[in-house]
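Asks: Residues per chain are reported as follows:
Protein chains: 4
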Amino acid sequence: MASSFGKVFSITSWGESHGPAVGVVLDGCPAGLELSEADIQADLDKRRVGQSEVTSPRNESDRVQILSGVFNGLTMGTPISMLVWNQDQDSSKYEDIKDKFRPGHADYSYLAKYGVRDHRGGGRSSARETVGRVAAGAVARKLLAREGVKIVGYTAELAGLIAQRVDFDEINRNIVRCPDPEVAPLMVAAVLKAKEENDSLGGIAEIRAVGVPPGLGEPVFDKLDADIAKAMISIGATKGIEFGSGFAMARMQGSQSNDPFVNKGGKVGTVENKAGGILGGISTGEDIVVRLAVKPTSSIAREQNTINTSGEATKIEVKGRHDPTIIVRLVPVAEAMMALVLADHLLRQRLARVTFE
Amino acid sequence: MASSFGKVFSITSWGESHGPAVGVVLDGCPAGLELSEADIQADLDKRRVGQSEVTSPRNESDRVQILSGVFNGLTMGTPISMLVWNQDQDSSKYEDIKDKFRPGHADYSYLAKYGVRDHRGGGRSSARETVGRVAAGAVARKLLAREGVKIVGYTAELAGLIAQRVDFDEINRNIVRCPDPEVAPLMVAAVLKAKEENDSLGGIAEIRAVGVPPGLGEPVFDKLDADIAKAMISIGATKGIEFGSGFAMARMQGSQSNDPFVNKGGKVGTVENKAGGILGGISTGEDIVVRLAVKPTSSIAREQNTINTSGEATKIEVKGRHDPTIIVRLVPVAEAMMALVLADHLLRQRLARVTFE
Amino acid sequence: MASSFGKVFSITSWGESHGPAVGVVLDGCPAGLELSEADIQADLDKRRVGQSEVTSPRNESDRVQILSGVFNGLTMGTPISMLVWNQDQDSSKYEDIKDKFRPGHADYSYLAKYGVRDHRGGGRSSARETVGRVAAGAVARKLLAREGVKIVGYTAELAGLIAQRVDFDEINRNIVRCPDPEVAPLMVAAVLKAKEENDSLGGIAEIRAVGVPPGLGEPVFDKLDADIAKAMISIGATKGIEFGSGFAMARMQGSQSNDPFVNKGGKVGTVENKAGGILGGISTGEDIVVRLAVKPTSSIAREQNTINTSGEATKIEVKGRHDPTIIVRLVPVAEAMMALVLADHLLRQRLARVTFE
Amino acid sequence: MASSFGKVFSITSWGESHGPAVGVVLDGCPAGLELSEADIQADLDKRRVGQSEVTSPRNESDRVQILSGVFNGLTMGTPISMLVWNQDQDSSKYEDIKDKFRPGHADYSYLAKYGVRDHRGGGRSSARETVGRVAAGAVARKLLAREGVKIVGYTAELAGLIAQRVDFDEINRNIVRCPDPEVAPLMVAAVLKAKEENDSLGGIAEIRAVGVPPGLGEPVFDKLDADIAKAMISIGATKGIEFGSGFAMARMQGSQSNDPFVNKGGKVGTVENKAGGILGGISTGEDIVVRLAVKPTSSIAREQNTINTSGEATKIEVKGRHDPTIIVRLVPVAEAMMALVLADHLLRQRLARVTFE
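Chains as they are written, first to last, in the working numbering: chain A, 1 to 357; chain B, 1 to 357; chain C, 1 to 357; chain D, 1 to 357.
Note that these hints are calculated values from the structure, not bench results. Don't take every hint at face value.
Identical copies look the same in the list; a pair holds intra-copy or inter-copy alike.
[Said to hold, decoys possible] With a straight-line cut-off of 27 Å between C-alpha atoms, the simulated BS3-like cross-links for lysine-lysine are:
| no. | residue 1 | residue 2 |
| --- | --- | --- |
| 1 | K93 | K315 |
| 2 | K7 | K142 |
| 3 | K267 | K46 |
| 4 | K264 | K315 |
| 5 | K193 | K264 |
| 6 | K315 | K98 |
| 7 | K264 | K46 |
| 8 | K193 | K319 |
| 9 | K319 | K93 |
| 10 | K267 | K98 |
| 11 | K264 | K98 |
| 12 | K150 | K315 |
| 13 | K142 | K46 |
| 14 | K315 | K267 |
| 15 | K193 | K46 |
| 16 | K315 | K193 |
Keep in mind that this is a model prediction, so the values were computed, not measured.
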C-alpha cells in the first residue's frame with residue numbers, strides 16, 4: 001500500500017531505475033473521459049532527461065503505452081495501466097560504489113530497512129520512479145480541465161535568484177522554468193556554472209492551482225493541505241513546504257494574518273490570499289499556492305567522504321549522469337502530484353452531501 | 001475515512017467543539033501493552049485550556065475515559081475507545097455571528113463543502129478536535145518508549161524571539177514551552193502584550209524524535225517525512241513544515257547540503273544532521289527534526305471586516321474565549337502526531353523483510 | 001483497520017461484552033440527512049436481548065446516544081459517534097471457566113492470536129459487538145430509504161422447518177421473524193424445546209434488498225456480492241452464504257442457469273432472478289437475495305468436553321445467559337450489514353462516471 | 001481502489017480480455033524472498049486456456065514477465081509488477097452482439113454502471129482478468145511455503161458427480177482436477193457431453209489450506225473467513241461459499257455442531273473440524289476448508305432469448321471460444337485467492353502483539 005496514493009482517484013506506482021520498465025496503475029478514473037497516449041506524452045516530455053543542457057544527459061525517450069482502461073478513446077472506469085520501458089539503464093557505473101553509501105542518498109536507509117538493496121542508480125529511490133506519477137497526473141489534469149482547474153508550476157528561486165514576477169507564458173520559454181524573463185538567464189548561468197564545478201543547486205518551486213472550486217478537502221486528516229503536503233514531501237528532493245504566506249505567517253499578528261472575506265462579484269473571496277486558498281483544510285475558491293524547498297541534487301561528480309557497508313571510512317565519487325539541479329524536472333512532478341490530489345478531492349466532494357448538485 | 005489516520009496503528013477521531021463529547025478510537029495497538037487512564041491524562045493536561053495565563057480560559061478538565069480495549073491494565077489487541085466529555089461548551093456567544101464568516105476560520109469553507117455548518121465554536125474545525133489525537137498519541141508514546149524512542153516538542157520561535165539553545169529540561173518549566181530559559185520570559189511578555197491588545201501571535205514549533213531506529217518509512221508515498229508532513233499540516237494552525245535544514249537547503253550547493261556518512265561507535269551516522277534524520281523517506285537513526293510554521297490564533301477580540309452568508313459586507317467581533325497564541329497548546333498535539341506516525345511505521349517495519357529480526 | 005468496514009461510508013466498531021460500553025463511529029455519512037436517536041433505537045430494539053422467550057434474558061436497555069456529527073436534526077458530514085452503555089455485565093459466571101476453552105467459541109483462537117484474552121463473555125468476540133453495526137446500519141437505511149431501497153430479513157429455515165412463503169408483513173408479528181404465519185408457531189415450539197433441553201438451534205436467514213438501482217458494485221474486488229459476502233461472514237455465527245440460486249446453481253447446466261434479459265416496462269430485467277440481483281459483481285436492478293447459514297448458539301448449558309490452557313482434558317459448563325437460537329437476533333444484524341454495504345456502494349456509484357447524473 | 005485487494009500484502013489488478021495485456025502489481029511483499037518467473041509460470045499454466053479438451057481453445061501462452069521488485073533473484077520489498085501480453089484476442093466474433101446483453105453475463109450491469117462498455121469478450125468482466133490474481137498468488141504461495149502452509153484445491157462435485165475421497169496426488173493426474181480417481185473419468189465424460197450439446201456445467205470446488213498456524217485473522221471485520229469469503233466471491237462464477245460444515249450446520253443442534261477441544265500431541269486441536277479451521281474469525285491450526293458454488297459457464301453456443309440496448313427482444317448466439325465448465329480453471333484462481341488472503345494475514349499477525357515472537 002506504500003506505493004499507492006489517493007483514496008478514490010488512486011495510483012499505484014512501480015519500477016526501479018535500472019529494471020526493465022517503470023509504470024503506474026490508475027484506479028478510480030471515472031468512465032467517459034477522453035484520453036489518448038498523446039495527452040500523457042506531453043507531460044512526460046516535460047520531466048524527461050536530456051531535454052536541455054541543465055538536465056541529465058541520460059537518454060530516455062519515455063514513450064508511454066496505455067495497456068488497459070481505455071477503449072475507443074474513452075476511459076472505461078476500469079484501471080488504467082501505463083508503462084514506460086527503461087532504455088538507457090547503464091548500471092556499470094554503479095558497480096564500484098555498490099558497497100559505499102552515497103551522501104545525501106537513500107543507500108543506507110534502504111539497506112537498513114530491507115536488508116537488501118538495488119545499488120543500480122538508487123533502484124526504487126531514483127527519481128525515475130516519478131515517471132508513473134507524471135503519467136497518472138496527466139490523466140488527473142484532463143479530469144480537472146473539465147471543471148476549469150489548471151495547475152501551473154515554476155522555479156520561484158534558484159541559487160538565491162528570485163523570480164520577481166510570475167508570467168505563466170514565460171515558464172516554458174526558458175530551460176529553467178522561471179516565470180520571470182529577466183531572471184531566467186541568470187538562473188541558467190548559475191546552473192551551468194555549478195555543473196562546470198561538478199556541483200549542484202537547490203531552489204524553491206512554486207505550484208499554483210487556479211480555478212479550484214470551494215469545498216474540496218476532507219477534515220480532519222485528509223485536509224486538502226495535509227494531502228498536498230504528503231504528496232509533495234513524497235517527492236525525493238523536497239525538504240519543506242509552505243502554504244500561502246507560510247513561514248512568514250509565524251511572524252505575524254492575528255490582525256495581520258487574518259484575511260477579511262469580501263464579495264467578489266457574487267462569489268465569496270478574500271482580500272489577499274495569505275491562506276493559500278485553503279482554510280480549515282478545505283479550498284476557499286482562491287488560488288491554491290504552495291512553495292517547496294528543493295535540495296540540491298545529491299549526486300555530484302566530486303570526491304566525497306563516506307563509509308562502506310563494513311563501516312569503514314572511504315572516499316566516493318558518484319559517476320553516472322546527473323542533473324545539476326533537480327528543480328527543473330521536479331516542477332512537472334510536483335504539478336502532477338497537485339493534480340492527483342485535486343482530482344481525488346474533486347471526486348470525493350461528490351460524496352459530501354445527501355443531494356449531489 | 002477522512003477522520004482516520006495511520007495504516008496499521010490507526011486512529012479515528014470524532015467530535016465537535018460544542019457537542020456532548022470528543023473522542024477517538026485507536027485500532028491496531030498491539031496486545032500486551034501496559035496502559036492506564038493516568039498515562040493518557042498526563043498528555044491531555046499539557047494541551048488543556050486554562051493551564052496558564054497564556055491559554056484560553058475555557059474551563060475543561062478533560063478527564064479521559066477508556067471505554068474498550070484494555071483489560072487488567074493491558075491492551076487486548078482490540079480497538080481502544082477513549083472519550084472526553086465537553087463541559088464548558090457555552091455556545092451562546094456564537095449566536096449573533098452564526099451568519100457571518102470569521103476571517104482566518106473555516107466557516108465559509110465548511111459551508112461551501114457540506115451545505116450546512118455547525119457555527120458553535122467552529123464545530124468540527126475547532127482545535128477541540130485534537131483531544132482525541134493527544135489521547136491516542138499518548139498510547140503511541142508508550143509503545144515507542146519500549147523501543148527507546150522519545151518525542152520532544154517546544155516553541156523555537158515566538159513573536160520574532162528565537163530560542164538560542166535547546167534544553168529539554170527547561171521546556172516544561174515555563175508556560176510558553178520555550179527550551180531556552182533566557183528567552184522564555186521574553187516570549188511570555190510578548191504573549192501577554194498581544195493578549196492585552198486583543199491580538200494574537202504565531203511562531204515556530206520544533207518537534208524532535210530521539211532514538212528512532214533506522215529503517216522506518218515506506219517509499220514511495222508513505223515515506224516517513226511524507227506521513228509526518230501530512231500529520232502536521234492536518235493540525236489546524238500549521239501553514240508550513242520543513243525537515244532538518246529545510247528551506248535553507250534550497251540555497252545550498254550539493255557539496256554543502258550532502259552530509260557525509262560516518263561510523264559512530266559501530267553505528268552508521270552522519271557528520272551533521274541536515275536531512276533531519278530521514279533520507280529517501282526512511283529514517284537514518286539520527287534524530288528526526290521538523291519545524292512547523294504556526295499561524296496566529298484566528299479568533300481575536302477586535303472588530304474585523306467580513307461578509308455574511310448573504311454576501312453582504314459586515315463587521316464581526318469574535319467573542320468566545322481564545323488563546324492569545326496557539327503554539328503553546330499546539331506543541332503537545334504535534335508531539336502526539338509525531339508519535340502516531342512513528343508508532344505506525346515502527347509496526348510496519350515488522351513487515352519489511354521475510355525474516356523478522 | 002480490522003474494526004473498520006466500508007470504503008466511503010465507513011464504520012469503526014469498538015467495545016467488549018463486559019467493558020463499560022460498546023459503540024461505533026460512522027465516517028462518511030453525507031451532510032444533510034435527517035437523523036435522530038429514535039431512528040437508531042428502533043433497529044437496536046430488534047437486536048436487543050430479552051425481547052422474548054426465545055432470546056437471552058440478559059437485561060440491556062441498549063439506549064443509544066449520538067455524541068457527534070448531528071446538529072439541529074441533520075447530519076453535518078462529520079463523523080457520527082454512537083455509544084451504548086453496558087449495564088448488565090455480570091462477569092462472575094465466567095470466573096471459573098477462565099482457563100478453559102469453550103467449544104465452538106473463539107477463546108482459544110483469540111489467545112493464540114493476542115497472547116492475552118478477555119474471558120468475560122467472550123470479550124470482543126461476543127455478539128454484543130454487533131450493537132455498533134446495527135446503530136450504523138440504521139443510518140445507512142435512512143440514506144437508502146431516500147433512494148427507495150428497502151432491506152428485509154427473516155428466518156427462512158429453523159430446525160429443519162422451512163418457510164413456505166414470504167410475507168413481509170408477517171415477519172415482525174412472530175418472535176422468530178418467520179415470514180410464513182403457518183410455520184412460525186412450529187419454529188417457536190422447536191426453539192422452546194431446544195431451550196428446555198439446554199441445547200441450541202441454527203437456521204438459514206434470508207436477506208433481501210428491494211429497489212436497488214442497477215450499477216452498484218465495483219469490480220474486480222469490491223464487487224457487490226464480494227462485499228456482501230465479507231459483511232455477512234464477519235457476523236459471528238455465519239458459516240456460509242449464497243446468492244440467488246447459490247449452491248443449487250452448481251448442479252444446473254448453463255442453459256438452465258442463464259436468466260434471459262427482458263424488457264420490464266421500460267426497464268431491463270430478467271425472467272427469474274437466479275443471479276440474486278447481481279451480475280459481474282454489479283447490481284442488475286432485480287432484488288438482491290442472499291441466504292446465510294447460521295450455526296447453533298455455541299453456548300449451551302450442558303457439560304461438554306474440552307481442554308484448559310495447560311492442555312489438560314477437562315469438562316466445561318457454560319453458564320451465563322444465552323440465546324437458544326441466535327438467528328432471531330442475527331437477522332437485524334445481517335440487515336444492518338446489507339444496509340452498510342449498499343450505502344457504501346450507492347455513494348461510490350457517484351464516482352463511476354465523468355458526468356454525475 | 002476497487003481493483004486492489006489485501007491490506008498489507010496487497011495486489012492491484014488491471015487489464016481487459018481484448019486489450020494489449022493483463023497484469024498485476026503486488027505491493028507489500030517482504031524483501032528477501034527468492035522469486036523467479038518460473039515460480040509464477042507454473043501456476044499460470046494451471047489456469048491457462050487450451051490445456052485440455054475440457055477448456056477453451058483460445059490460444060494464449062501466458063508467459064509472465066516480472067518488470068520490477070526483484071533483483072538478483074530476490075524480492076526487494078518494492079512493488080512487483082507482472083505482465084502477460086494478450087495474444088489471441090480475436091474480437092471480431094463479438095462485433096455482431098455488441099448491442100445485445102448476453103444472459104448470465106455482466107454486459108448490462110457494466111453499461112448501467114459506467115455508461116460505456118467494452119463489448120469485446122466481456123472486457124474487464126472476463127475471466128482473463130484472473131491472470132494477475134494467479135501470478136500474485138504464486139508469490140503468496142512462496143511466502144506461505146516458508147511457514148509450512150500449503151494450499152490445495154480440487155473439483156469436489158461436477159454434474160452431480162461427487163468425489164468420494166480426496167487424494168491430493170490424484171488431482172493433477174486428470175483434466176478435471178478431481179481428487180478421486182474413480183469419479184474423475186465420469187466427470188470428464190459429463191463435461192464432454194455438455195460440450196457436445198453446446199451446454200455448460202457448474203460444480204463445487206473445495207479449497208484446503210494445510211499447516212496454517214493458529215492466530216491468523218483480524219476481528220471484527222477482517223476475520224479470516226470474512227476475507228476469504230470476499231476473495232472467493234470476487235471470482236466471477238462463484239455464487240456461494242461455506243466454511244467447514246457450512247450450510248449443514250444450520251440444521252444441527254449446538255450439542256452436535258460444537259467441536260470439543262483436545263490436546264493433539266501438545267497442540268490444541270478439535271475432535272473433528274466442523275468449523276473449517278476458523279473460530280471467531282481466527283485460524284485454529286486445523287485445516288482451513290471452504291467449498292465454493294460455481295455456476296455453469298454463461299457463454300454457451302446456443303441461441304438464447306435476450307434484449308438489446310434499445311430494450312427490444314432479440315435472439316443471441318454467443319460464439320467466441322468458451323470453457324464447457326469453468327471449474328477446472330477456477331480451481332487455481334481460488335487457490336491463488338486463498339494464498340493471497342493467508343499471506344496478508346500471516347504478515348498482519350506480526351502486528352498483533354507488543355513483542356513479536
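Asks: All hints are to be evaluated individually against the structure, with a verdict given for each.
Replies: Hints and how they fare:
1. Taking the shortest Cα distances, K93 and K315 sit within 27 Å of each other inside one copy (16 Å), while across copies they are farther apart (65 Å).
2. Both within a single protomer and between protomers do K7 and K142 lie at most 27 Å apart by alpha-carbon distance, with minima of 18 Å and 25 Å respectively.
3. Taking the shortest Cα distances, K267 and K46 never come within 27 Å of each other, neither inside one copy (35 Å) nor across copies (41 Å).
4. When the C-alpha separation of K264 and K315 is checked against a cutoff of 27 Å, the pair qualifies only between copies, where the shortest distance is 17 Å, while the shortest distance within a copy is 61 Å.
5. For a Cα distance limit of 27 Å, the shortest separation of K193 from K264 qualifies neither inside one copy, at 47 Å, nor across copies, at 35 Å.
6. Proximity of K315 to K98 under the C-alpha cut-off of 27 Å is restricted to the intra-copy arrangement: shortest distance 13 Å within a copy versus 64 Å between copies.
7. Taking the shortest alpha-carbon separations for K264 and K46, neither the intra-copy value of 35 Å nor the inter-copy value of 42 Å comes in at or below 27 Å.
8. Within a single copy, K193 and K319 get their C-alpha atoms as close as 18 Å, which meets the 27 Å cut-off; across copies the closest is 57 Å, which misses it.
9. For the identical chains of this complex, K319 and K93 are intra-copy neighbours only, at 6 Å inside a copy versus 55 Å across copies, given an alpha-carbon limit of 27 Å.
10. Only between protomers do K267 and K98 lie at most 27 Å apart by alpha-carbon distance; the minimum there is 19 Å, versus 59 Å within a single protomer.
11. For the homomeric pair K264 and K98, the shortest alpha-carbon distance between copies (21 Å) is at most 27 Å, but the shortest distance inside one copy (59 Å) is not.
12. For the homomeric pair K150 and K315, neither the shortest alpha-carbon distance inside one copy (47 Å) nor that between copies (34 Å) is at most 27 Å.
13. In this assembly of identical chains, the alpha carbons of K142 and K46 lie at most 27 Å apart only when taken from the same copy (16 Å versus 41 Å across copies).
14. In this assembly of identical chains, the alpha carbons of K315 and K267 lie at most 27 Å apart only when taken from different copies (18 Å versus 61 Å within one copy).
15. For the identical chains of this complex, K193 and K46 are intra-copy neighbours only, at 23 Å inside a copy versus 52 Å across copies, given an alpha-carbon limit of 27 Å.
16. When the C-alpha separation of K315 and K193 is checked against a cutoff of 27 Å, the pair qualifies only within one copy, where the shortest distance is 24 Å, while the shortest distance between copies is 55 Å.
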